[in-house]
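Dock chain L with the ligands against the given chain F, drawing on the hints supplied.
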Amino acid sequence: MTYRRPTFRHPNLPKNDLGYTKRDYEGGISTLCAGCGHDSISNAIIQACYEMALEPHKVAKMSGIGCSSKTPAYFLGKSHGFNSVHGRMPSIATGANLANRDLTYIGVSGDGDTASIGMGQFAHVIRRNIDMTYIVMNNGCYGLTKGQDSATADRGSKSKKGAPNPFESIDLCELAIQLGAGFVARSFSGDKQQLVPLLKAALAHKGFSLIDVISPCVTFNNPDTSTKSYQYVRDHSEATATFDFIPLRMEITTTYDKGTTTPITMHDGSIINLYKSDDSVDVTSRRAAIDALEEHREQNQILTGILYISEEMRDTHEILQTCDTPLNTLTEEDLCPGSTTLAAIVDQYR
Amino acid sequence: MEPTDTNNPEYFHRVIDCQYGCPAHTRVPEYIRLIANKRYDDAYMINWESNVFPGILGRVCDRPCEPVCRRGRVEKNAVAICRLKRVCADNKGDIRDRLPKIPEEKNGRKIALIGGGPASLTVASDLMPLGYEVDLFDDQEAAGGFIRSQVPSFRLPQKVLDEEVNYILDMGVKTHFSTYISSMKEFLEKDYDAVFVGTGAPRGKDLMLPGREEGEAFIHVGINWLASVQYRHVEKIAKKTLVIGGGNTAMDCCRTAKRLGGNDVAVIIRGSQEKMKASPWEIEDTLHEDIPILEYLSPLEYVIEDGKLTGMLFEHAKGSPKEGEEPVLIPCNEVLLAIGQDNAFPWIEQDIGITFDDKGRPDINAKTFQSTLEKVFFGGDAAFGAQNIITAVAHGHEAALSIHLFLEGKDVNQRPIPASDLAGQKLGYHDWIYHSEVHEEQRHEVPMQPKVKSIKDRLLEVELGFDKQVGLKEALRCINCDIQTVFYRDKCIECDACVDICPTTCINFLANGDEEDLRSRLAIPANVLWEPLYVSDLLPTGRVMVKDENVCLHCGLCAERCPTAAWEMEKYTYKIAKAGQK
Ligand SMILES: Cc1cc2nc3c(=O)[nH]c(=O)nc-3n(C[C@H](O)[C@H](O)[C@H](O)COP(=O)(O)OP(=O)(O)OC[C@H]3O[C@@H](n4cnc5c(N)ncnc54)[C@H](O)[C@@H]3O)c2cc1C
Ligand SMILES: Cc1ncc(C[n+]2csc(CCOP(=O)(O)OP(=O)(O)O)c2C)c(N)n1
Ligand code: SF4
Ligand code: SF4
Ligand code: SF4
Ligand code: SF4
Ligand SMILES: [Mg+2]
Numbered sequence: 081m082t083y084r085r086p087t088f089r090h091p092n093l094p095k096n097d098l099g100y101t102k103r104d105y106e107g108g109i110s111t112l113c114a115g116c117g118h119d120s121i122s123n124a125i126i127q128a129c130y131e132m133a134l135e136p137h138k139v140a141k142m143s144g145i146g147c148s149s150k151t152p153a154y155f156l157g158k159s160h161g162f163n164s165v166h167g168r169m170p171s172i173a174t175g176a177n178l179a180n181r182d183l184t185y186i187g188v189s190g191d192g193d194t195a196s197i198g199m200g201q202f203a204h205v206i207r208r209n210i211d212m213t214y215i216v217m218n219n220g221c222y223g224l225t226k227g228q229d230s231a232t233a234d235r236g237s238k239s240k241k242g243a244p245n246p247f248e249s250i251d252l253c254e255l256a257i258q259l260g261a262g263f264v265a266r267s268f269s270g271d272k273q274q275l276v277p278l279l280k281a282a283l284a285h286k287g288f289s290l291i292d293v294i295s296p297c298v299t300f301n302n303p304d305t306s307t308k309s310y311q312y313v314r315d316h317s318e319a320t321a322t323f324d325f326i327p328l329r330m331e332i333t334t335t336y337d338k339g340t341t342t343p344i345t346m347h348d349g350s351i352i353n354l355y356k357s358d359d360s361v362d363v364t365s366r367r368a369a370i371d372a373l374e375e376h377r378e379q380n381q382i383l384t385g386i387l388y389i390s391e392e393m394r395d396t397h398e399i400l401q402t403c404d405t406p407l408n409t410l411t412e413e414d415l416c417p418g419s420t421t422l423a424a425i426v427d428q429y430r
Numbered sequence: 187m188e189p190t191d192t193n194n195p196e197y198f199h200r201v202i203d204c205q206y207g208c209p210a211h212t213r214v215p216e217y218i219r220l221i222a223n224k225r226y227d228d229a230y231m232i233n234w235e236s237n238v239f240p241g242i243l244g245r246v247c248d249r250p251c252e253p254v255c256r257r258g259r260v261e262k263n264a265v266a267i268c269r270l271k272r273v274c275a276d277n278k279g280d281i282r283d284r285l286p287k288i289p290e291e292k293n294g295r296k297i298a299l300i301g302g303g304p305a306s307l308t309v310a311s312d313l314m315p316l317g318y319e320v321d322l323f324d325d326q327e328a329a330g331g332f333i334r335s336q337v338p339s340f341r342l343p344q345k346v347l348d349e350e351v352n353y354i355l356d357m358g359v360k361t362h363f364s365t366y367i368s369s370m371k372e373f374l375e376k377d378y379d380a381v382f383v384g385t386g387a388p389r390g391k392d393l394m395l396p397g398r399e400e401g402e403a404f405i406h407v408g409i410n411w412l413a414s415v416q417y418r419h420v421e422k423i424a425k426k427t428l429v430i431g432g433g434n435t436a437m438d439c440c441r442t443a444k445r446l447g448g449n450d451v452a453v454i455i456r457g458s459q460e461k462m463k464a465s466p467w468e469i470e471d472t473l474h475e476d477i478p479i480l481e482y483l484s485p486l487e488y489v490i491e492d493g494k495l496t497g498m499l500f501e502h503a504k505g506s507p508k509e510g511e512e513p514v515l516i517p518c519n520e521v522l523l524a525i526g527q528d529n530a531f532p533w534i535e536q537d538i539g540i541t542f543d544d545k546g547r548p549d550i551n552a553k554t555f556q557s558t559l560e561k562v563f564f565g566g567d568a569a570f571g572a573q574n575i576i577t578a579v580a581h582g583h584e585a586a587l588s589i590h591l592f593l594e595g596k597d598v599n600q601r602p603i604p605a606s607d608l609a610g611q612k613l614g615y616h617d618w619i620y621h622s623e624v625h626e627e628q629r630h631e632v633p634m635q636p637k638v639k640s641i642k643d644r645l646l647e648v649e650l651g652f653d654k655q656v657g658l659k660e661a662l663r664c665i666n667c668d669i670q671t672v673f674y675r676d677k678c679i680e681c682d683a684c685v686d687i688c689p690t691t692c693i694n695f696l697a698n699g700d701e702e703d704l705r706s707r708l709a710i711p712a713n714v715l716w717e718p719l720y721v722s723d724l725l726p727t728g729r730v731m732v733k734d735e736n737v738c739l740h741c742g743l744c745a746e747r748c749p750t751a752a753w754e755m756e757k758y759t760y761k762i763a764k765a766g767q768k
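Sequence lines, in order, name chains F and L.
Take the position in the first sequence, starting the count at 1, then add 80; the result is the number in the working numbering.
Take the position in the second sequence, starting the count at 1, then add 186; the result is the number in the working numbering.
With the rest of the complex left out, here is chain F:
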């Protein structure tokens, strides 16, 4: 009987710019079901943070309730974390981000946690453009409570229980674009080759970014009749365009053909190179992005990749014009102008 992961690692484990190995970004051993898509996403997060050379102690993981919301226990074991109440992760993240703008915020939620109980909170965290990466581990069901259809389950999709879902589904990406998110993407837990660079780009994006990751629930929602199953997603997905994420520190060595490549410079100086083909979507246009989502939906296709990106938007702190110093480090001395100044201010109103 084991339920311990050995601490031995490959002797040639590479190191990132900070001198850390991937092991420094791992968490505890997962207690999710074997084969759960959420575990793959956890590992993609580990890989992305390792490759981005984030300092683990400068990351905060926020989550709500659900199998998905349990995953922060399984990655970034040396980072901060807050496992909050069902559907309330956005408000906790908002508070934390306002108090300390120096951390990188990774929000982890489920489709139930976001599109049902947390829908109101989701809308407002986007509106305010909190600087965070919001990851929905989307399995179309309430995994933790034994697989009831969720609000992202497609109409007609059949889970293990076998009854087709009678209700319309919510497309979180479309909604986020409408609500003004500056970085919206969709991916699949079974495609790390796409997911890892998406995560890196989202982490580099300043302001709110959403990645809706379809993540099969192997236990309750993985029959081929479910539109969130491994088989269905593999057979029905199509990417907007291929892209490369080039982090700030990396030297650009390849030259790109201007006609087919759109470089997008991000807030921190990293670059996303989008490669266009004839039928690729213009992901820098909100309208085109929403059209593309609708068109693919009509054709029973799942559109993946970067769906919409805009580097023009201002995050909450910029909107509110807060000071550069994190608010939680301001002392009484910084905050209280002193009785003379106060008296002078009061005098103005006499």
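There may be inaccurate statements among the hints.
Unchecked claim - The list that follows gives simulated cross-link-like pairs (lysine-lysine, DSBU-like), each with its CA atoms no further than 35 angstroms apart:
#, chain 1, residue 1, chain 2, residue 2
1, F, 150, L, 561
2, L, 612, F, 226
3, L, 561, L, 224
4, F, 241, L, 677
5, F, 240, L, 612
6, L, 677, F, 238
7, L, 371, L, 360
8, L, 262, F, 138
9, F, 158, L, 659
10, L, 296, L, 659
11, F, 150, L, 677
12, L, 677, L, 345
13, F, 95, L, 461
Hints listed in this document are in silico derivations from the structure and should not be mistaken for laboratory results.
Quick look at chain L with the ligands alone, frame taken from chain F:
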């Protein structure tokens, strides 16, 4: 790459590094697990079937298995495989009734073994149970060959040697001791159905330099001197003795000398200590006994004064910081030469059909051990030069198989394929028949006799061996490399769970390529080239599964996390084909 053919018995065998590396292919992980279960008799018998001398080898084996042990690649030190062998030998009960039964009725074939070392004894242990009559000839007073005459008692007590040699002689081997065979031509007239030559590499090399003849009484060939000590013809040596040479024989010579009054014994080597031929643990033991090893000295002359040896003159050899300086005189009164051995066959005539190469070695088929005279087989050090006990045993098994095939009128080149089997280990979600948890303890040190005590008595065994408790802890360090990860491609849904959980990043799903390309594209490039890649057939996404076997911990987590049981943990049993076995 083509999908891996796991039906080839050698594929999974290669993954069991220790077993594959053991010349006799001892089922190491199986006996180590039995030790962990305190089943010492069973562990002993697993050893005995393959290596015939577990108690002896558990002390003095050359251990080719340890440098290749997988554990030594995931952390600093290999499993103490050899010491564990001793644990089962030391703690077993009387196992005599578990040895093969010898048929009363013989099969009518008679074979002769010339030389009574481990190679010949192995042939006897394989052929006696098949009803052969076996005659053994040796010029010594007892069987064991070099293990008896050379390996010092402080490393191998005589009691242990006698016990395991007698298991074989008691099968009814007819022994002819103190009998030197001086003519093969005459010997062949005796009408044996087959003859096995296991006479070892008995000639120690001499070092002819000025002063050699005058100094005869003070200069000894190491292996002859060690034999004289073992047979009590020599009981002391000069206080100032030099041992020339850097192999294991030199280590035995100097440590024996230290015990016979050679307080100031020193070892002289031509190169550096790092490049010495002796096994690391033998060098360690030598240094532990405060015997200096002097590097980069090349002998020039034995210095004789008034008919007595007073020193030896050395040149500073290549690589020495003093290279080019005046030669140095090191005072000494006796010298032991341990600079290598040759096999020599002055007793085999050139015109009887056994041909030799230009180095005087017999022409032997490396697989069948048959010589150019079809009924004569060679093995052990006599075959390809001085090696070690476990290699002699391995040769013995192969030669016995050849003799048996030959006498049954079959083609000796048609070797039966090894017996192999895969057995599932699953009990429940996280439960396995084997102990899958990886213990992270470091290798245990073997306790030793206090130095002051041991160097006074050449018969006192230096190493004390692990006790049962330490043996158990050391046994749990083994990561069960025979419990194979077997991939069932048709079940895989490519969910990545195995990739994510694997602690040592063994598993990859990627586009196929040739071996070099695949090795370079794995998440961690597979640059231990002698470790195989396990490649699946194409998966639905067009990729293949590629597992680098190099540092797999056999922890079973991939199988535990796989939702479809596409990975199974299965115990691979591999047994070499032996004479008479189906
Ligand atoms: C000092 C020393 C220490 C060693 N220590 C180790 C060790 O720790 N571990 C290890 O694995 N190996 C060790 N070895 C090597 C090991 O002893 C040999 O490799 C091994 O014994 C070879 O076995 P064998 O059966 O080929 O022949 P041997 O053991 O050499 O036996 C051959 C026998 O044949 C006899 N013989 C030879 N010619 C004739 C003839 N014409 N007629 C009759 N009898 C004859 C010899 O006297 C001898 O008894 C050591 C060797 C030496 C010299
Ligand atoms: C306030 C509140 N209401 C209901 C629940 C019960 N509950 C726990 S998890 C969950 C749904 C989780 O679904 P999702 O967010 O999709 O996570 P998954 O398990 O599918 O990853 C519900 C309804 C709860 N814990 N708290
Ligand atoms: S119930 Fe579903 S979502 Fe929850 S751990 Fe199991 S497979 Fe994953
Ligand atoms: S860990 Fe055990 S099974 Fe693996 S090579 Fe070492 S001794 Fe053999
Ligand atoms: S048994 Fe499986 S999980 Fe464990 S190290 Fe080997 S491949 Fe990895
Ligand atoms: S865990 Fe099983 S199903 Fe998933 S990728 Fe690995 S072998 Fe395939
Ligand atoms: Mg869900």
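Going through the hints against the structure:
no., hint, result
1, 150(F) with 561(L), "violated, 73 angstroms"
2, 612(L) with 226(F), "holds, 27 angstroms"
3, 561(L) with 224(L), "violated, 44 angstroms"
4, 241(F) with 677(L), "holds, 22 angstroms"
5, 240(F) with 612(L), "holds, 26 angstroms"
6, 677(L) with 238(F), "holds, 22 angstroms"
7, 371(L) with 360(L), "holds, 21 angstroms"
8, 262(L) with 138(F), "holds, 33 angstroms"
9, 158(F) with 659(L), "holds, 32 angstroms"
10, 296(L) with 659(L), "violated, 47 angstroms"
11, 150(F) with 677(L), "holds, 28 angstroms"
12, 677(L) with 345(L), "violated, 56 angstroms"
13, 95(F) with 461(L), "holds, 33 angstroms"
Hint violations for this structure: numbers 1, 3, 10 and 12, all remaining hints satisfied.
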